[in-house]
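Enquirer: Residue strings, one per chain:
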Amino acid sequence: MTLSLLAIQAAEAISAPEGATRWVWLTVAFPLLGFLVNGALALRRPQAKTIVSIVGAGVLVAAFAVAALIYAELRGHPPEAPVIVQLWRWIPSGSLDIRFAFQVDQLSVVMLLVVTGVGSLIHLFSIGYMHADAGYARYFAYLNLFVVFMLVLVLGASLPVLFVGWEGVGLCSYLLIGFWFGDKVNADAGKKAFLVNRIGDFGVLIAMFLLWYTLRSLDFVTITAKAPTDLVAGGGLVTAITLFLFLGCAGKSAQIPLYTWLPDAMAGPTPVSALIHAATMVTAGVYLVARTGILFAMAPFSSAVVAGVGALTALFAASIGLRQYDIKKVLAYSTISQLGYMFLAVGTGAYVAGIFHLVTHAFFKALLFLGAGSVIHAMHQAYHATHSHADAQDMRNMGGLRRYLPWTFWLMLIATFAIAGVPGLSGFFSKDEILAAAFGRGETHRIWLVYWAMGMLAAFMTAFYMMRLMAMTFFGENRTGAAEQEYLHDAPPVMTGPLVVLGILTIAGGLINLPAFAGGHHALETWLEPVVASAQAAMPLTMPHGTTEYLLIGAAVVTSLLGLFLGWRVTLARPIPTAALAPAETGFARVLFRKYYIDEIYDALIVRPLVGISRLVLWKGVDQGLIDGLGANGSASLARGLGWIGSRLQSGQLGFYVVVFLVGAVWLLRAVVR
Amino acid sequence: MLLGPSLLLSAVLFTIGVVGVLLRRNAIVLFMCVELMLNAVNLTFVAFSQVLGLGGQVMVFFVMTVAAAEAAVGLAIILAIFRHTRSVDLKNINLLQG
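From first to last, the protein sequence lines are chains V and H. Position one of the first sequence corresponds to residue 108 (this note's numbering), numbered consecutively onward. Position one of the second sequence corresponds to residue 1263 (this note's numbering), numbered consecutively onward.
By construction, these hints were calculated from the structure, which means they are not laboratory data. Check each hint, because a few of them may be wrong.
[Unchecked claim] Computed beta-carbon distance windows for the label pairs: (1) H:1284 with V:752: 21 to 29 Å; (2) H:1268 with V:745: 25 to 33 Å; (3) H:1323 with V:743: 48 to 56 Å; (4) V:752 with H:1268: 39 to 47 Å; (5) H:1351 with V:731: 48 to 56 Å; (6) V:752 with H:1356: 35 to 43 Å.
Model, not experiment: these values are computed from the prediction. C-beta atoms are modelled at their ideal positions from N, C-alpha and C, and glycine is treated no differently.
The following block holds chain V by itself, in its conformation from the complex:
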């Protein structure tokens, strides 16, 4: 065992774990412990809310502490090669020997910090948000379990280990979307998310089979080492592998054509939307593309597809976001749109920019969702107090909330400016880098200039719909209702505290990769350089410099400010009717409001035919006809028929038996004598 490990380490250039890195499994073990404790409490003592709060959030903070220690150590002694922490031999089967191992390198540490850091804040927020809920312990058990799987996903040293996390987060996503399963809508939304993701997971599995077939290994280290020599760059095989991988990413990260589950996923509690459906799980696809960057870099066609789908999704989702009224739906489409940016980045070969946007997006989108959670919390309490059945999430029922929720207002305004790309805030730097990279790639192929233009248009729309959200929610006259206004107020400190921390991160997040023109030195790029070096070598990136760079930045800033200004003016130009009194949408606005009818189209083209075929062919034909009719009842009828013939032979009359015997004997005799 030890010898073979040493042999592997010698062959693949990996570093042995030392110091705090050896304890990386603790980051998974802590939330797992939290899951077990909270799960047991959910079954036995669902009312023990104090201990659930302490355990649920405490394990996350502990995991974050371990992650911070590992980061500090890696920062002190940056490892030459990825550190592999072997836990146990998982699938030893012939030449396939998969170890349950964690890979600690610059990329996984970034993800580790984001997941545990943002996760801790959202767990703390949840203590306030979910406190009155009957399923409090169950909620924290699911949330802890999600973090377990998410960490397995980002730490996994091979595709199968990653896949365990990949499937696990899908499970937790399903459980938490359908958390309030008493409403059929919520349960359906969970099911939809699970089924749509299944299509993507199929792609990941096929990609794994193909990788095993060609490279005889599923370890990321081996893949990165072997791919340049064992695979033909631009060949059909590597293109197929990457396209299948991207199918999985499109499912998990809600890209066209598999994005439809994410808006429905808003049926879950709002902190869940913030953690799973904005900050962490949905970015797993971006992480996977960055992790297997060498393969995508060797398949220019796949990279173009990834970037194209990303750009198209960014634009498409942003346009839907222009005309939604549910505050969480706007943020959901915004998330899809921002994920599109990340895929545009990794498809362009700007892996660092993609991860950079992933991190900053985790900050500001978590802040936006938690802010929306505060708003919904306040609205819900107000409507609850007056026994009103109005929609607590509809922005047409809000308005003027800045007077009642000042903390939430200011923090969400920061996040809005960040996502819109106002200079100086985190989103500005990361989005700018993506657009600059796409523009730079335009030198090699003109299609990337189209992608850049789509990205710019999406950026304008982003600024527009975010300002529309802010204007409808926080400005103008209050439309909640006269009786409700006295109940509207900011959330308790346990909810506002995490918002403040996220607000600081949203402002300062750009510092982690401050570009040269802003006086920085691309810290994140330097940090991630060892991880993305080989992919970058296979697909070199030319960033625009000098005048072009400043022109691009200028264009981005103008677009963003114009979007914000127009969003403000158009929204507040005329009074907004409340949801109950709102007239029906007309024209193209209706198409946008109905989300381009994509759900209806999928329903007509895929779901209904599938259900029809299942009903007519599989159920009536195969199940009832073949299996029940021919298989079960048919064999029974056959046995009964044969038995009837046999029983007729038994007359009970001895004479008959003797005749039969005699005829038989004579017949045998004849055969012998002849």
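Dock chain H against the given chain V, drawing on the hints supplied.
Expert: Okay, now just chain H, sitting in the frame of chain V:
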């Protein structure tokens, strides 16, 4: 050397036995007909042993032994049936009818 007449006699006896088994309904008579067939075969064995050696006569002893055993078992069964149904007419005994 009466091989021909002996075989003829045994054939006649055997046929009588077969016809008896086929036609009679009384269990005792049926039983006697079976014995008749066995003894017809014995006669054949003895007749042939004059030509082919003593093996046939040895076989006769086996047949007689089996016949004795069969008679013992068979008569016991018939007795049991008679005690049960007060009749040895096979027409009334058709419990195995399917």
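Enquirer: Would you mind marking each hint as holding or not holding in the structure?
Expert: Here is how each hint holds up against the structure:
1. H:1284 with V:752: 21 to 29 Å: holds (25 Å)
2. H:1268 with V:745: 25 to 33 Å: Violated, at about 54 Å.
3. H:1323 with V:743: 48 to 56 Å: Holds: the Cβ-Cβ distance is about 54 Å, inside 48 to 56 Å.
4. V:752 with H:1268: 39 to 47 Å: For residue 752 (chain V) and residue 1268 (chain H) the Cβ distance comes to about 45 Å; the hint holds.
5. H:1351 with V:731: 48 to 56 Å: holds (54 Å)
6. V:752 with H:1356: 35 to 43 Å: violated (19 Å)
Checked against the numbered hints above, the structure violates hints 2, 6; every other hint is satisfied.
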